[in-house]
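Chemist: Assemble the complex: chain B is given as a structure, and chain P must be docked to it using the hints.
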Amino acid sequence: MSTLIIQSPHNQGTLRKYTQSSMTMMLWVLWVYLLLPVLAPLLILAGNDIQTINLTKESLNFIQFAAVLPLLMVMMMGYWLWSKYNTLLYCYRGEDILEKVVYLHETPNYFGISGKDLASWQQLKQMTVNLTEQGDVSYVKGHKSLQGHFGEVLDIAG
Amino acid sequence: MEHWLSIYLSSALNLAYYYPLIMAYVWMVGGMYYYNKWERDQPVRRDAITLPYYPPVSILIPCHNESANLRETISVLHSQDYPDFEIIAINDGSTDNTGELLDEMCKESSHLRVVHLKENQGKAMALNVGAMMSANEFLVCVDGDALLDPYATSWIIQHFIRSSHVGAVTGNPRVRTRSTLLGKIQVGEFSSIVGLIKRAQRIYGRIFSISGVVSGFRKSALQDAGYWSVDAITEDIDISWKLQLKGWGIRFEPNAMCWILMPETFKGLWQQRLRWAQGGVEVFTRYFSQIIRLRHRRLWLLLAEYFISILWAYAIISLILLWPLMQFLPYMENRTTFSLLPDSASLLLAMTCLIQFAVSFYIDSRYEKGLGKIYYWMVWYPLVYWLINLITIAVAVPVTLLRTRKKRAIWTSPDRGISP
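As they're listed, the protein sequences go chains B and P.
Residues in the first sequence are numbered from 1 upward in steps of one, following the working numbering.
Residues in the second sequence are numbered from 1001 upward in steps of one, following the working numbering.
The shape of chain B in the complex, shown without the other chains:
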């Protein structure tokens, strides 16, 4: 068995590897740049000159951020209520489903074949199935056992 994780960077060209790594680094720089409004107060606290840091169009708007908190709380409350509703629904729905028993002995009818044929096919170890254009079984040819010599050969028309 091969290893579970396939990591073969040596199968890639050197240029490709370095391009990917350096572009990822550049993207991180862009990401940090987008986070400047957060970093600016920290840099000022660290004693940096405000003129060198003043790159941001506007300072961090904490009021705007404060609006996210109630939104999150409303969302969590919504989830909680919806989850409770679902739990209650399952209590009743469970009974509905139990009433809706699907009888598997109707499976042959579903596939348009006889119960006897299906029971035989389900015993086969190896089989070849031919289907019509409509997807119906036209014939099944198979072997019940492959021990030593091929076992009992069944030719069953669908």
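No lab work stands behind these hints, which were simulated from the structure alone.
Treat each hint with caution, since some may be false.
Ranges between beta-carbon positions, derived for each pair [unchecked claim]:
#1 B:Gln7 <-> P:Asp1047: 25 to 35 angstroms
#2 P:Trp1323 <-> B:Glu106: 55 to 65 angstroms
#3 P:Leu1321 <-> B:Trp80: 35 to 45 angstroms
#4 B:Leu88 <-> P:Ile1007: 33 to 43 angstroms
Calculated cross-link-like contacts (lysine-lysine; reagent style DSS-like; alpha-carbon spacing at most 25 angstroms) [to be verified]:
#5 P:Lys1107 <-> P:Lys1118
#6 P:Lys1118 <-> B:Lys141
#7 P:Lys1118 <-> B:Lys116
#8 B:Lys116 <-> B:Lys144
#9 P:Lys1107 <-> B:Lys144
#10 B:Lys141 <-> P:Lys1107
#11 P:Lys1118 <-> B:Lys144
#12 B:Lys116 <-> B:Lys141
#13 B:Lys17 <-> P:Lys1267
#14 P:Lys1246 <-> B:Lys84
#15 P:Lys1037 <-> B:Lys84
#16 P:Lys1037 <-> P:Lys1369
Cβ atoms here follow ideal geometry from the backbone N, Cα and C, with glycine treated the same way.
Modeler: Chain P in isolation, oriented as in the chain B frame:
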């Protein structure tokens, strides 16, 4: 005209900005809620779960030209920590030596059964035939190039035993191919974001799609829903909605892990994502008239989410197309002022992305150690994911609407990443 254009641009800009922002918080809050409610106190997967009884299970592997990976897939399946299971491999008209390989393995294994389909019928038909040839009530479906974790079957089956209204259980796919940048981004996506979204959707009560690569089914639920649709572009999205429309529940089981191969080229990724987007649009159009009925109200949130994502894609495309026009319209002068300097809006979006990755990696680190290394590469994810999502949805809508119905969806061999 000026007034309406101005309203449109303002609405499109708001949608373009707020949709990803709000959805990120919806997924994070939902994911954390799920984690606290169902996951935190559960044992991790290395502790084998004890079931009250072990019903017989059929593991179905539909395969088409899988000779490169099939031996490994089936060997790993034999190590399932489950007392009563059979493996049914469905060779769907392969043109390589998949058939011979399966016959050879069939002689060596008492668990393995092989079904050869004479012609390529598509994954959905292969699964239907596999389900028909199984005498068992519970099915686990795995792709021919995926490696199922030894405990996955037990973790999947426990949901069926615990609740009679569970029709399907979706597992936790983990990406094996991690050589390239695309591979690494997908590791992060599958390991964390996809799981986070599935957890959040479980809080809605409904799941958009099971993972076709690893999922479990109750056969009676499949029969009730009409099994897999052979004309569906993505059989997994389609069966998920069919089951839920019939009232069956779908569960997400993060402990049911499955190691998968993913594309590592742009072409492969594009084809895969376009197919997924087409599958979503197809389900949306095919079942819309049923979903809007009051009794399916629990699906409305999923429907709304998907509909808004389509609007979002077209809003951004229209903004990109209108941008040159905006430069020449005199009354748009004040609206096109654009600064490269970061403001609180960009800050909020950038921080939200980083927080989302941190939350999802925190939840998922239970299942795979060392995921933190991927964090470095995940900075690409917002750009790549949203961009691919945007373009695939925009392309998928007309392509799917113009597609001929009832046309059988057959296999094409996907890109499976860089070999070791």
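Chemist: Check each numbered hint from earlier against the structure, then list the numbers of those it violates in ascending order.
Modeler: none
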